[in-house]
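Protein chains: 2
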Amino acid sequence: MRDLIERVFAEAFDSPLLREMHDGTVVDLPSGRIAMTTDSYVVKPLFFPGGGIGTLAVNGTVNDLAMCGAKPLYLTVGFILEEGLEIEVLQRIAQSMKEAAIAAGVSIITGDTKVVDKGKGDGIYINTAGVGIVPENVKISPRRVKAGGVVILSGDIGRHGIAVISAREGLNFETTIQSDCAPLAAPVAALIEKGIEIHCLRDLTRGGLATALVEIAESAKIGMEIVEANIPVLEEVSAACEIMGFDPLYIANEGRFIGFVPEEEAEKTVEILQQYPVSQDAVIIGKVVEDGDNMVRMKTLYGSSRIIDMLSGEQLPRIC
Amino acid sequence: MRDLIERVFAEAFDSPLLREMHDGTVVDLPSGRIAMTTDSYVVKPLFFPGGGIGTLAVNGTVNDLAMCGAKPLYLTVGFILEEGLEIEVLQRIAQSMKEAAIAAGVSIITGDTKVVDKGKGDGIYINTAGVGIVPENVKISPRRVKAGGVVILSGDIGRHGIAVISAREGLNFETTIQSDCAPLAAPVAALIEKGIEIHCLRDLTRGGLATALVEIAESAKIGMEIVEANIPVLEEVSAACEIMGFDPLYIANEGRFIGFVPEEEAEKTVEILQQYPVSQDAVIIGKVVEDGDNMVRMKTLYGSSRIIDMLSGEQLPRIC
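Protein sequence lines, in the order shown, are assigned to chains W and H. Here my numbering is used: position 34 in the first sequence is 34, and no number is missing along the way. Here my numbering is used: position 303 in the second sequence is 303, and no number is missing along the way.
Since the hints were made in silico from the structure, they are not lab data. All C-beta atoms in this analysis are idealised placements derived from N, C-alpha and C, irrespective of residue type, glycine included. There may be inaccurate statements among the hints.
With a straight-line Cα cutoff of 25 angstroms, these simulated SDA-like cross-link-like pairs (lysine to any residue) come out [to be verified]:
| id | chain 1 | residue 1 | chain 2 | residue 2 |
| --- | --- | --- | --- | --- |
| 1 | W | 71 | H | 33 |
| 2 | H | 118 | W | 45 |
| 3 | H | 118 | W | 85 |
| 4 | H | 120 | W | 99 |
| 5 | H | 118 | W | 139 |
| 6 | H | 71 | W | 32 |
| 7 | H | 221 | W | 8 |
| 8 | H | 118 | W | 301 |
| 9 | W | 120 | H | 116 |
| 10 | W | 44 | H | 10 |
| 11 | W | 139 | H | 30 |
| 12 | W | 139 | W | 47 |
| 13 | W | 146 | H | 27 |
| 14 | H | 118 | W | 170 |
| 15 | W | 120 | H | 89 |
| 16 | W | 120 | H | 82 |
| 17 | H | 71 | W | 27 |
| 18 | H | 118 | W | 117 |
| 19 | W | 221 | H | 7 |
| 20 | W | 71 | H | 84 |
| 21 | W | 120 | H | 168 |
| 22 | H | 120 | W | 315 |
| 23 | W | 71 | H | 28 |
| 24 | H | 120 | W | 168 |
| 25 | H | 118 | W | 84 |
| 26 | W | 118 | H | 45 |
| 27 | W | 120 | H | 122 |
| 28 | H | 139 | W | 107 |
| 29 | W | 118 | H | 122 |
| 30 | W | 118 | H | 139 |
| 31 | H | 44 | W | 81 |
| 32 | H | 268 | H | 147 |
| 33 | H | 139 | W | 32 |
| 34 | W | 221 | H | 10 |
Here are a few chain W residues that sit away from chain H, every Cβ distance over 10 angstroms (derived from the structure) [as the list claims (entries may be wrong)]:
| id | residue |
| --- | --- |
| 35 | 86 |
| 36 | 92 |
| 37 | 103 |
| 38 | 169 |
| 39 | 289 |
| 40 | 293 |
Kindly generate the complete structure, drawing on both the sequences and the hints.
As structure tokens, then:
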């Protein structure tokens, strides 16, 4: 056990902090507000086109911090390994986490490993928790979303979920659909730096775009009017969804978010986002309106109006 | 899923922070150094005399922060639930976490829940990560342990491991052995407040007292001389160890720690610790010495000298 930790993790995560091998790690932090978040990752399979459980575990938590308007700084990582997991798989995952952490500008500063008996896990589960610093002027909360504001989407939707489910089921489409898994901290930091008055941000993970919109409408007690024609979906994602009977609106993404800003700042927001590869297809998809029922209405491609609801059936399991 | 989270967790962990239901939580923090730590908990069975996976998940992380000299403040919690886990079990665990958090003076500020298919988990696994504030004058590190210092043990050892293994195997001893699972932050804070120059602290979890001593000797590049007669072990724990073929030195504890302090502060340290129920049996068990081989030597009850080594065989699995 100890040998395993020392070999694999010390190699991948080598840092003066981890080398101390103490129960926890002490770091300096500027005063002010911090954001904290945690997520466990149980994605199946462990690797998929465009990423794997390791990149997901880093980017997912980095993105949750970014959605609080925080600059992500430090991550903790907890591994639950199933007895019999191949050491090469663990090394590959650790290496991918190291690379993802560097790309996202965060440090993995402490960790823990537990091993469970064969048949009591599924290879590996990973938890990451993260801490970031929230700049003083930032006040991001669903409750700040107000009628008159604009809804901005950072890019095309549906790729992560389709990439994972295709890999899991061994489906082959004409083109391989890559997950959009990526860190979102840089474009968010740019918005804050440029003084955009962000009301709320939300990444489009479990439940996809639709769930994020509905949750925020409920929290903020407002309605939304969304224009389907403005929502980018890759043709191959549309086709895959049609074949499998999914609606791209409900598919999980791991590198996409929506932002709510005042109407007068919408154009500037889109311009800033488009300067970053991860959000280069950012677009205005709708507006926030008064609505006593807090409904999200979508003008469909066919011109009709559709009410967007929570997914009532089963969501895709173990997609993240 | 969403319904489950809202019902069980909002009930147990109700707080203005969690009620926001955002991806992460923003909190105020005084400037300075923070300690961060994480642990996953996979203990089997989920409940045992003196505690359960919930109390363990709170106290374990609180104690890791305390061992950094930090005042524990905020916890995150990640649940991995196996499909089919009874809702009553989850409620009982959530309730125990709430109570443990109150007792330890920490707030659970954000969380995550994942569900895995039946046969891919074992009821429930919990990860907690924690953040605490480290007072300015505190410098706790294995590297600060120096020859001439004294080793202090906070109480009797071996109870947690024996309580768990007895519950798992359905063993009945004459008296029920209760886990020592408890938060250690209060006595540590008292030592810091009273100005004790603490070189290092370490809680005696996986691998027990022996492993903690050996690890610190290796990190600090010193030796230790321990007096077995000074190490408190309950009679029923000794008896259970004898029956099951365990050595109490290697049994996991969840409410015990060792502290390294200068010799001239040893008596005062013990006096302070003894004022807290969780460390009322604190005692000096040995001293730090120069040793080129970084050996931990123990004077046994029979007067002989025994070298304390890392456990070479299997440790008890899934004890925490």
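* Hint check, failures only -> Hints 4, 5, 8, 10, 12, 20 and 30 not satisfied by this model.
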